[in-house]
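Asker: Work out the full structure, taking the sequences as your base and the hints as a guide.
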Amino acid sequence: MSLLENADSLPRPMLDKCLQAVNLWRKQIEKGNTMHLYRTHTCGALRAENIDEQVRVSGWVHRKRDHGGLLFIDLRDHYGLTQLVIEPSSPHFALAEQIRAESVIRADGKVVARDDEARNPNLPTGDIEVYLSELEILSETGDLPLPVFGEPDYPEDIRLRYRFLDLRRDSLHRNIVLRSDIISWLRQRMTADGFREYQTPILTASSPEGARDFLVPSRIHPGKFYALPQAPQQFKQLLMVAGFDRYFQIAPCFRDEDARADRSPGEFYQLDLEMSFVTQEDVFACVEPVLRDLFRAFGNGKRVTENFPRIPYAEAMQKYGSDKPDLRIPIEMQDVTPAFDGSDFKIFANMIAKDKRVRVWAVPAKTGGSRAFCDRMNSWAQGEGQPGLGYIFFREGEGAGPLAKNIGPERTEKIRTQLGLEDGDAVFFCAGVPKAFAEFAGRARNRIGAELELIDADQFAFCWIVDFPMFETDETTGKLDFSHNPFSMPQGGMEALESKDPIDILGHQYDIVCNGIELSSGAIRNHKPEIMLKAFAIAGYSAEVVEQEFGGMLNAFRYGAPPHGGIAPGVDRIVMLLAEQENLREVVAFPMNQQAEDLLMQAPAPVSNAQLRELHIRPSLPKTTPTDEPVKE
RNA sequence: GGGGGUGUAGCUCAGUUGGUUAGAGCGCUGGCCUGUCACGCCAGAGGCCGCGGGUUCGAGUCCCGUCACUCCCGCCA
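Okay, so the first sequence: first residue is 613 according to my numbering, each after it adds one.
Keep in mind that the hints are not guaranteed to be accurate.
[To be verified] Taking lysine-lysine pairs in the DSS-like style, the calculated list, with each CA pair at most 25 Å apart, reads:
1. 968 <-> 958
2. 1047 <-> 931
3. 1112 <-> 1047
[Unchecked claim] Across the chosen pairs, the derived CB separations fall in these ranges:
4. 1066 <-> 836: 53 to 61 Å
5. 734 <-> 790: 37 to 45 Å
6. 1069 <-> 1113: 41 to 49 Å
7. 817 <-> 755: 44 to 52 Å
8. 1009 <-> 1208: 56 to 64 Å
9. 817 <-> 987: 50 to 58 Å
10. 795 <-> 992: 38 to 46 Å
11. 872 <-> 811: 23 to 31 Å
12. 870 <-> 1225: 28 to 36 Å
In case anyone wonders, no lab produced these hints; they're calculated from the structure.
Just so you know, even glycine gets a beta-carbon here, dropped at the ideal spot from N, CA and C.
Answerer: Shown next as structure tokens:
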């Protein structure tokens, strides 16, 4: 049964299919029929039990070792490597010597046991080799712009231009297979959990909120445009209104925004899901086991959070300085304002006296208690545009550093006991209005965790962030706006909207975070038109505008809409985490570059004037590129 | 839209304070080699030093501009 390399790791149906195919070829051979045109075995299949069999294999010439009197070829396909041996007496020796790496060949030969000292324990097929009797070149290669053998870093543009070569390389090849396996697993699991995959339109209407849309001009309706969906948000809610109860989709999403290492330009995928008649707890109870089991299945034995802690947004900001905390870092910040209030450290004391909102947060740094480390953090902070990063470090039973001197031993000791610090530890301080410095404090926390190697990397640390505020004030304009999704239900419903200060209203809105990466956002939706109109009114949108922009969905809610909610974990980021990759391009088969160009397929590209005329489009190009010729005939 | 980094052989890189003929490894070509699995040994070909301008007796090296790639900020409900 060990016909296929890594047979154990293959899903059962896939393994059965492969075995069926192999058996079919076998039967043909036994009947004396001609061999399969290309192969009786894959390059990962042959083992000691195949010794003396006459076999046929096809694949790429991975590596050639020419001893003059003896020639070895490593033949590679999707499944593995098999060593071919060609002796000088072979009529094909001369041809075999000529073959270049990455040519595709078909080879017939006899499976032979390797001598003890010639065995290669690093290869699943390393106990045998195939003595070549027939050789056919199926496809030749020219000069390679990118070697397939070996895995050093290569320039992105060359990797992307020759993506078909890059994808042959082992690590990338495995990442793409992993992605496929993950998506397949998710589909099976979601279906088993009572969800059905419903497709939603790719050509749809532009939405005024959120990211920039990709637009598609209409031929039939001059001057009008379709938009590619930023997410199937409204459609999945309409499916709930239509009574389908549980929806999911491996959904393509399109946003015309600039790329990042962890953000594809243009398009990405979500495990989009929505459920009817659910509370926030129901969504958690459904999604949490899916992600936990997925990460256990594909996480290479790393620990996965058993029960995802639920951290209110405000608490996350206070403890971690982030709404996507990396919980692998065992650092929690604390408010130590009283220790500085009225102290002789005048900078902080005066700030506190002047403004009631000012707080001092402490970032404890276990094992960071050396002047060298503290100074390094301080200059890092200055490099981040901060005035500095005050610190105390503890040694010989007392606090040291300029700050400790200023506030005195009593207050220093109070800080030490509050944070549970000891000799050899340090603590850093950020002061100001929390909203202004929380994000920097969070980065300091990450930095400290990384520098002191406090991160426990052998785990996937999940959490829910809950109780997001519905509204926030824009720092520059002072205008009130939705802080997240305008379609989510405010906690407390209409009553909260009518009675509370908008800034204090929380939403039934939640994120899933893993190792400091935001995997998804979700919400219990606002399915009541009157509450939605009220929420939009608070954010400054008139009923007319809301009716005009979201009329379709609003109207649907006037004909019997179930309470519903959902979430949409990002597939690309999940695969990144499980493949342990820092860059999205390592887990996408055919990615675009940072300028949103497909270097392999040459997109975007000019189109003919005839095509443009049909679409009633005439380009109006920026004057800065007069030499461009964006239109071909 | 803004900021940082990089750009030298097909590929990965080195190149001193500005100094005469720009190097190495992989790959390629030729030769030798019967147990390699990063095979080994010998020889050879291969360079608009991203592009344009400037400083200088002299520029791969310094300056200005520009292009390409990349990372980050803005942006991403």
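Asker: A separate judgement is required for each hint: does it hold in the structure or not?
Answerer: The hints, checked one at a time:
In summary, the hint linking residue 968 to residue 958 is supported, as the alpha carbons are separated by about 16 Å, within the 25 Å threshold. Proximity of residue 1047 to residue 931 is assessed by CA-CA distance (about 13 Å); at most 25 Å being required, the pair is judged to hold. Pair hint residue 1112 plus residue 1047 holds up; C-alpha atoms about 21 Å apart against a cutoff of 25 Å. The hint said 53 to 61 Å for the Cβ distance between residue 1066 and residue 836, and at roughly 56 Å that hint holds.
In this structure, residue 734 and residue 790 break the distance hint of 37 to 45 Å, their C-beta atoms being roughly 21 Å apart. Remark: the range hint 41 to 49 Å for residue 1069 to residue 1113 is upheld by a beta-carbon distance near 42 Å. A C-beta distance of roughly 49 Å is found between residue 817 and residue 755, which places it inside the suggested range of 44 to 52 Å. Taking the beta carbon of each, residue 1009 and residue 1208 are about 59 Å apart, inside 56 to 64 Å as hinted.
Evaluation of the 50 to 58 Å hint for residue 817 and residue 987 yields a pass: the beta carbon distance comes to about 56 Å. Remark: the range hint 38 to 46 Å for residue 795 to residue 992 is upheld by a beta-carbon distance near 40 Å. Distance hint check for residue 872 and residue 811: the Cβ-Cβ separation is about 28 Å, which falls inside the suggested range of 23 to 31 Å. With their beta carbons about 31 Å apart, residue 870 and residue 1225 fall inside the hinted range of 28 to 36 Å.
Violated hint: 5 only; the structure is consistent with all others.
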